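Visitor: Sequence:
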Amino acid sequence: MDLSQALTVANRAMLAQYDRGLSDVETAIIKGSWENKTYDKIAEVSGYSDSYLRRDVAPKLWKLLGQALGEPVSKKNFKAALARKWQQDREVVKSENKAESDRLSEQGGNEPKNLSPSRSDWGELVDVSFFHGRSREIAQVQEWIQHKNSRLLAILGMGGVGKTALTAKVAQQMQGDFAAVIWRSLRNAPSLEMLLGELVPFLSEQQDNKADIQRLLYWLRTKRCLLILDNAETILQSQGHAGRYISGYENYGDLFRAIGETVHQSCLLLTSREKPAEIAMLEGKGSPVSTLKLVGSPEAAIALIQTKGLLGSTIEQQELCRRYSCNALALKIVATSIQDLFGGAIADFLAEDMILFYNVRRLLEQQFNRLSPLEQSIMYWLAINREWTTISELAADITPTVRKLDLLGALESLMWRSLVEKQEGKYTQQPVVMEYVSDRLIEAVTQELSQANVPLNLFHNYALIKTTVKDYIRESQFRLILEPIATKLGYAFASQEALKLQLKTVLQQIKTQITPTPGYAAGNLINLGCYLELDLKDFDFSNLSIWQAYLQDVSLQRINLQNAEISRSLFTQNLGSVLAIAYSLDGTRIAIADNEGIIYIWQVANSQLELTLEGHTDWIWSIAWSPDGHTLASASNDRSVKLWDTTTGQCLRTSQSHTNSNETVAWSPDGKMVASGGQDCTIRLWHPTTGECLKIFKLDTDWLFWISVAWSPDGLSSNGGKTMAIAVQEKIQLWDVETATCIKTIEGHEQYVVSLDWHPHKNLLASSSIDRTVRIWDTSTQECLQVLEHDNYAWSIAWSHNGKMLASASHDQTAKLWDAETGHCLHTLSGHQNWLWSVAWSKCDRTIVTGSHDQTAKFWDVSTGQCLKTFQGYIGSIWSLTWHEDGQNLYSGSGDHALRQWQVATGECLKTTTGNRQTVWAISPSPNYKTFASGGASKIVWIWDIETGQARHALSGHEGSIWRTYWSPDGQTLGSISNDCTIRLWSSVTGQCLKTLIGHDYWVTSLAWRYDSKMLASSCVNRTVKIWHPETGECVRTLTGHQDAVFGVDWSPDGKFIASASFDRTVKIWHPDTVECCQTLMGDNSMFHCVTWSPDSSMVASGGGDKNIYIWDVKTGKCLQVLQGHSNWIYCVAWSPDGLSSNGDNILASGSSDRTIKLWDIKTGECLKTLVADRPYEGMNITGVTGLTVAQKKNLKILGAMET
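All letters in the sequence shown, in the order written, are residues 1 to 1204 by UniProt numbering.
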């Protein structure tokens, strides 16, 4: 007995005992042990860890195998045990054959005499001396033949997968169990009469020459025979339903039916790419007719490419095999090409990202051309969908509509042809098949679009991308379908203008030749035009069906959609930075709160916007559903706590007892109280029905960086009552709710704690901190059980409902999923382009949702870590402004990723740069106005050419987002600040980092140079301002006195004073030499975010959260003007150069979260001009459109669409 036979015996024994064969790792252990290898050597070869094999898999394997074989088995004696079982099986087969022969003899009749034992005619048998793997399949086939008495067995699979080789191996191994073995190929489509003319004489040893089905059955009853018919697809139709025979070969169906239905002791093995109809009718549980669907063998594929002499690592070999689904024929063909074109180097071939070569294409083309139109349609849709697809999804895709019965029949036909795979009611294709069909679609669509008077059949009947698929699938559709079409069209047309003209011609063709037949052509055209970045302004899509248009994060301005029917299309949402997310307790709805002060409630199942809750006037940091799901609580920077009716969207009550921003809100488990916490250093408990404040917890601190509260679940409190965890700076306090006293303090974090969440079933508490860690605590012992690390502030955490996993969201732009028991990171979820603020679990724990400052909410598959869906928002907040020295031009950086140059006189936007696709928080022209620097969430400082808009340099070094960039007045140095707590100084000539200034312990928020470039000042979230010597990097002074974060700092033009703006609602004027605060300017209710000096150093302007701009006289401290007109936060203010207003005074420019820039006359307080960039759907005509909800239309109008 050799290794192959041993594996077959083991697989057969496992199948009989446990209804499963050996797993890959179990096979590796048996194979290695057979070759007398140690576990560490087996681990090295197989890729598994030594401890995993030695301590886990091997002991279990020997125990299971021993039970299956009926005797104790170990690594030392398993060979002997398998040999005994092998011999026993052979004796059983001989006994069964003798019994059957005796039974037939007793029945009498003209039985033949003196037949020779074990005769064989191998015909065109392939050489299987080189054969690897397939032990499970071999065992399964042998089990069916030897113990299940299968009379008809079909081995099915696509061409080249190894059906013939497997069948040959089985036949060779089992030939001793049969009196006669005969192999015949149907490649040349012999008639049934011709075939029988060979089979009957051979089986009868030339005693019977009658080519008749009944005579064949006689001989199959007489003795145990094995018949093999290879390549049965040759006799089947190439068009129409699979499994039907070509004309003149229908009697093959009679043969297969007779062999399957008639009692005999023999077996017919059939190989085919398609399943004959008779086999489909006869097979079933307990039936002597079976089918084995064959897929590629990884072990055989690896062995094949090694034999071909290809060069590559184990991982590269595995990837090559994966790409071709371990299809032996495809790998043989491609191996030759790799040798010829890449010198045998697998890595070089993989780098080219090529799958198809001519011979493989020809093989697949032969298959595809055999299909009916409906089957071809299904193949196209499966290639487009690129994942397991249900029948209902296919039915929804296919146009014109087809009957479900026809669809089922076509799918069955495709399965018989081995062109699709089925799993739990879903269908897909093997990668090579999918690649071929995709390429076929791409070629056909490109021809339809680029040639005149060609019908738009495929372009109209198939969506090139889909909005209804998971995000990662749509990304692959863009990459593998839409992009190749766009590239080919780019080659076909000399310029963008020519291409645009051609698409207009196609649009006219859609309107004249296709309308009113609904389909995908219009949606495809929009998607293609947006991908090609063509200006579709004035394209007329009126009265068309627009299906599967993906319009998130694109500009589609001044396009005519009047009376269009819009279906299954996605648009950008009027959604700001996503600060808080909460699932309803029944999991059917999700609430999302943003920095615009709005809460949105979506239906989870269909992603339809259900409610918009408006009432807050500032950032909403926390939301929470009541336990009964009827009420939503929210906490905002506007100092209020609101309770909302989640059915009507009505605000039920508002509490404004907090004297500072609210950052957290949480319901008690019984729903009888709501807790809120704010920057006034108190926790307040509210009665949700009456609004009465029941208790106030006063925290022992005069300032909080952040606050978070979490109720312990019912029954987990150590004192039997309600316990609340509160984050207080670096500590966590546990409070007894009844007595309003702190009963425990948990310490361990090195910096401020910002999020807390209790385990749903245990006395465990999770916390996250800006020290970049997530910690899990035993609240009984106060012991830290786990420390989990991010690369930046760990801002939000949430336990899964089963308590087995913990999710964390970080300012490192990732979320992580953790095994709470082991602390192992299961997945790192990457895809956001800015800080993450929030994370929440779905009820079933299969999905998490993350919210980010990049104006997106993303839904992730917990098991795979892939992004399933994205809600894309839009917010054109103006984060930074700076004037050109001529006073005629203004530069802005905004949340829509754009750097813009404005002509002040006309209000026209002269130039827009969007190269880095990041929110632009900082923009700073160089003193010579040839370049400007920008910064944002990407951790990179970009240097741009003002004239061309092209990036010149990318300065890397910061580990966090870039808040501001400032050139030194002499133009020699660029300063940048980041939330990585550092300031970096860069050479304007070389781009090299000259110095890194370290001294702030939290976010650095603003930077200002002194006029002579010899000193600079910086502000920080930790309430301080620092003064630096840039030459030495030394911090020479620290200015203290603010009571909250400082977000703005500016040095007076004469160099005598520094102004700082703080969330403590003050602007302070400092003397930099004495560290003396000369003046404190008090705003009414504004958390100041920015401050700037007038050119003559006599005034400062400040702006912030109350939407107003304050003009202050520095000497007197008097407020000279309050400029009103913005409708949201003021993020930046900038004085113009001298003498630009009508009365000769300076103009002040202000940028706001309301997406506008305003120019002000500071003496009169008059707004001279408002500059507004075009919104994504500016001027889009949606008059009379159908298919959109009221909420969707409202959203489009907010983003620029109009109804006439």
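Simulated from the structure, these hints should not be mistaken for lab results.
Quantities reported herein were computed from a predicted structural model and do not represent experimental measurements.
One should not assume that every hint holds.
[Unchecked claim] List time: in silico DSS-like cross-link candidates among lysine-lysine, alpha-carbon distance up to 30 Å:
1. K293 to K504
2. K41 to K60
3. K426 to K285
Visitor: Against this structure, judge whether each hint is valid.
Guide: Now the hints, each set against the structure:
no., hint, result
1, K293 to K504, "48 Å, violated"
2, K41 to K60, "19 Å, holds"
3, K426 to K285, "21 Å, holds"
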